[in-house]
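Asks: Sequence:
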Amino acid sequence: MSGVSISSFEKVTSRHSKRPGATPARTHLAGHARKGFANLTHRRQPSSAAVLLVAAFGAFLAFLDSTIVNIEFPDIQKSFPSYDLGGLSWILNAYNIVFAAFLVAAGRMADLLGRRRTFTFGVVIFTIASGLCAVAGSVEWLVAFRVLQGIGAAVLVPASLALVVEGFEPARRAHAVGLWGAAAAIASGLGPPIGGMLVDWASWRWVFLVNIPLGVVAVLATSRALVESRAAGRRRKPDLRGATLLAGALGLLTLELVKGPDWGWVSVPTLAVFAASAITLVGFVLSSMAAPVPLVEPAYLRSRPFVVGNLLTLVAALLGRVADRHGHRVIVTLGALVWAGSLFWYLQRVGAEPDFLRRWLPGQLLQGIGVGATLPVLSSAALTGVAKGGSYATTSAVVSTTRQLGAVIGVAALVILIGKPEHGAAADALRRGWAMAAICFVVVAIAAVLLGRTKSKPGQELEPEPAAAPRAAPTTTEPVAALIANRATDEVDLLGNLPLFAGLDAAALAELADRVEEVELQAGSYLFLAGDASDSLYVIRRGRVQVLHGNIVIKELGRGEVLGELGLLIDAPRSASVRALRDSRLVRLTKAQFDQIADRGVLAALVRVLATRLREAPPPAVHTTSPGVVVSVVGVGADAPVQSVAAGLLTALSKQLRVVDPGRVDIDGLDRAERGADKVLLHAGAQDADWRDFCLRVADRIVLVTGDPDPGAAALPARAQGADLVLAGPTASREQRRSWEQLITPRSVHAVHYRRVVQDLRPLAARLAGRSIGLVLGGGGARGFAHLGILEELEQAGVAIDRFAGTSMGAVIASLGASGLDAATADAYAYEYFIRNNPLRDYAVPIKGLVRGRRTLTLLEAALGDRLVEELPKEFRCVSVDLIARQPVVHRRGRLVDVVGCSLRLPGIYPPQVYQGRLHVDGGVLDNLPVSTLATSDGPLIAVSLASGEVPGAPLQPDGPPRVPGIGDTLIRTMTIGSQRGADVALGLAQVVIRPDTSAVGLLEFHQIDAAREAGRAAARESMPQIMALLNQQR
1 MSGVSISSFE
11 KVTSRHSKRP
21 GATPARTHLA
31 GHARKGFANL
41 THRRQPSSAA
51 VLLVAAFGAF
61 LAFLDSTIVN
71 IEFPDIQKSF
81 PSYDLGGLSW
91 ILNAYNIVFA
101 AFLVAAGRMA
111 DLLGRRRTFT
121 FGVVIFTIAS
131 GLCAVAGSVE
141 WLVAFRVLQG
151 IGAAVLVPAS
161 LALVVEGFEP
171 ARRAHAVGLW
181 GAAAAIASGL
191 GPPIGGMLVD
201 WASWRWVFLV
211 NIPLGVVAVL
221 ATSRALVESR
231 AAGRRRKPDL
241 RGATLLAGAL
251 GLLTLELVKG
261 PDWGWVSVPT
271 LAVFAASAIT
281 LVGFVLSSMA
291 APVPLVEPAY
301 LRSRPFVVGN
311 LLTLVAALLG
321 RVADRHGHRV
331 IVTLGALVWA
341 GSLFWYLQRV
351 GAEPDFLRRW
361 LPGQLLQGIG
371 VGATLPVLSS
381 AALTGVAKGG
391 SYATTSAVVS
401 TTRQLGAVIG
411 VAALVILIGK
421 PEHGAAADAL
431 RRGWAMAAIC
441 FVVVAIAAVL
451 LGRTKSKPGQ
461 ELEPEPAAAP
471 RAAPTTTEPV
481 AALIANRATD
491 EVDLLGNLPL
501 FAGLDAAALA
511 ELADRVEEVE
521 LQAGSYLFLA
531 GDASDSLYVI
541 RRGRVQVLHG
551 NIVIKELGRG
561 EVLGELGLLI
571 DAPRSASVRA
581 LRDSRLVRLT
591 KAQFDQIADR
601 GVLAALVRVL
611 ATRLREAPPP
621 AVHTTSPGVV
631 VSVVGVGADA
641 PVQSVAAGLL
651 TALSKQLRVV
661 DPGRVDIDGL
671 DRAERGADKV
681 LLHAGAQDAD
691 WRDFCLRVAD
701 RIVLVTGDPD
711 PGAAALPARA
721 QGADLVLAGP
731 TASREQRRSW
741 EQLITPRSVH
751 AVHYRRVVQD
761 LRPLAARLAG
771 RSIGLVLGGG
781 GARGFAHLGI
791 LEELEQAGVA
801 IDRFAGTSMG
811 AVIASLGASG
821 LDAATADAYA
831 YEYFIRNNPL
841 RDYAVPIKGL
851 VRGRRTLTLL
861 EAALGDRLVE
871 ELPKEFRCVS
881 VDLIARQPVV
891 HRRGRLVDVV
901 GCSLRLPGIY
911 PPQVYQGRLH
921 VDGGVLDNLP
931 VSTLATSDGP
941 LIAVSLASGE
951 VPGAPLQPDG
961 PPRVPGIGDT
971 LIRTMTIGSQ
981 RGADVALGLA
991 QVVIRPDTSA
1001 VGLLEFHQID
1011 AAREAGRAAA
1021 RESMPQIMAL
1031 LNQQR
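The numbering of the sequence shown is full-length UniProt numbering, which starts it at 1 and goes up by one.
Derived by calculation from the structure, the hints in this document are not laboratory data. If a hint is listed, it holds; no wrong ones were tucked in.
Using 30 Å as the maximum straight-line C-alpha spacing, the simulated DSS-like pairs for lysine-lysine come out as follows: (1) K874 with K655; (2) K874 with K555; (3) K78 with K259; (4) K655 with K555.
When you get a sec, could you build the whole thing from the sequences and use the hints?
Replies: In structure tokens:
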């Protein structure tokens, strides 16, 4: 049989392929060609250059305004002549004080709430404040709006640098930070000339108005070029008291340094402000020590003071790359020495006579090299100790705060050293300032040794350990005749092999063989009905029967299993009905016959059978069946290539099981074949009606083969309902697929090409062998991205998944897997349609839900196209809940977008979805882990539970009063209360349960995709030995 030619298959395929209107096979998701997207194979992440450009542009705005206003003071004084320079100085000082005070708190906010969101918020505040400054009618209002502008700058700067750090790998991070610092320094340097130009052209108000179009451009570029990110871990409320104290301490310290020269350094106001600053700073330290979530992690407080200066973009970029390769310590030391050397040049060469080219220019070039090698590289070094996904914004805020305070301290020190020199003494005063700065940079060069080895390593991220590859099972080579002969036995031996009569001796077995009666039961006929009198017990000798409660099949029984024993013992009516699944032969033992031999060991054997069955019985809701033995491959239509499909199945099954093709046999020959092999493969074409009917009657599993995809082309045989379907002709259209689904509700559908018969039949062979792996993915919002990591680990281990089911986000990922996408492509789709295009942006008045849900459906259509569930290459099931009937709905047919959309309707966030006359909400309400949808005899199941390892009923916070969760956590906990009742039963149906720890990912934090995916990978690696043991056991 295994050598059967496939020429008939080729003829059928070629004949039908010429038929007009034949639909070509689809090899990718359909939505992209229609929507204009290219097929995704990897993430379309924002380029590092785009991230750097947008983030640096935002920082450019903030630092430009720190110097552009300085030159406007004379013009501003003309608008407000009643104010002296001391009063006008608050226009500059207020900005700097607020900027320094709020940097750290804003950085912490960015790490908690999201860096892109915080960056956008800061740009918007900064832009609005700029417009208000431009129309201010008094100095007081101008100062107030400058305070608001400073808050916006403090919010956007740390978020900006954090976006850059997040967007670059560690090996390129110093280079990127250098370029970002270059943009900030250029902005500071360009402030005065740009401000002077605007004043000469118009007025000082245009200095602020120019920020408005720049801010709008920054917001638009952010929405298009950046994606959200935040620090890893569970979001917890930071130390707000500490944030207030730190802001106060920094503001007071900055105020003291700014106004000290005017008040006098030993005056009462200066000393009072200094004391208040010190006390507030001590309060911040004490608050941080007591707070469970301090504003600044202690490890981040080791940052070194940085010195302010101008940067050369080219030098910063070059030395950033050198620092990536050779470490930061060497570059900072050399840069600080070069910077100090430029100041020594000024001391020795610059005099009162103007000579720019020979005296000033060389020093400025050296100074630019020194600044470019010092400031950005120090910023990068401060960030190298932060773990991937850490609090980049908070760390960068500490760095920026230190730099801002350094600038203020430097200016104050220079004022003390220079003082107010008389005419002719300015050169000596400047030399004192240069000498102080040179000494500072020498100190920086010496202190750089303390940086240690901060060289970035490209491979510092941990790589997962490779999982063991599954081993191939040996192919059975024992002759079929030998298999049958080794198991052949007579009637007495057959009864002796049955578990019920295993304890009887030979004489008792011979007597029993004479007493029992044989009962023939045709497929579909009932042996008895519930409520009938219990007058006999039965033992299945051949065939297969179903035990039913009403119309629900609760169990299937095969050879050697006992029926009706409980009713016989307690003299009670039948509690269930029994129907033949296939033609079966049973041994009947009446109550009188049983009583005659009960004292000869049968009663004890029966008790053992009952005890075993009770011990192994699952809960009432569980319905599992063992795979049948006899598989009948039956043709539909005269051109069905039955022999070719049967040959392919025989080849595929023989790699795992002992399989025989006995040819045309009678009922006794089939019985001998069953006892000699794991699977018996029968096949019949449509032309031989008698043999086909026999194959249908005796089959445990029926495989229908058609060469014509049109279900109306030929009459369907008996027992076609629920059969496996093989489409061996041209590709079926969506209408034909839908018709097959409605006609026979096939157990599985497989499209087979004549050049890949065995390969295309592998999933069906795995199902028939009971070794088809099913993957069930639970719901959990953004936590469902853990499924991506699990798919990746399973793929790397060589575990083939043939069946998928899911709820909510699990349904989304399952639909991608069932579409035939590999793990990388599924990750790319999830990133594209949940990260780059947030589905929750169509907010609505919260009457039916927080969002309209239209954007989600649009994105699902772009990702999944117009495919039907029936068209997917792998089995797919998802679950929603009928809100009116309050019952779960299992979707196995229909448009993929619609059924996945029904399963993804989180109550309260989305309005219910109307589909097929029902109101659907998220399936997690009643069945968050739909294991039962795949619980058949087709193979083992792997379930992924996103319960985060929490113990039901445990408090949200073990120590102290319970912590009130956010609205997202409250919704998900409330929504899944109903599904938790059946969770244990569902998990009991799965052979392996993977439990990723996704507690650090919020319900709607889609930007935490990487954290969730890594949690899935870690959990899958932990469960991989159990999975591989299961696969080896199956072999």
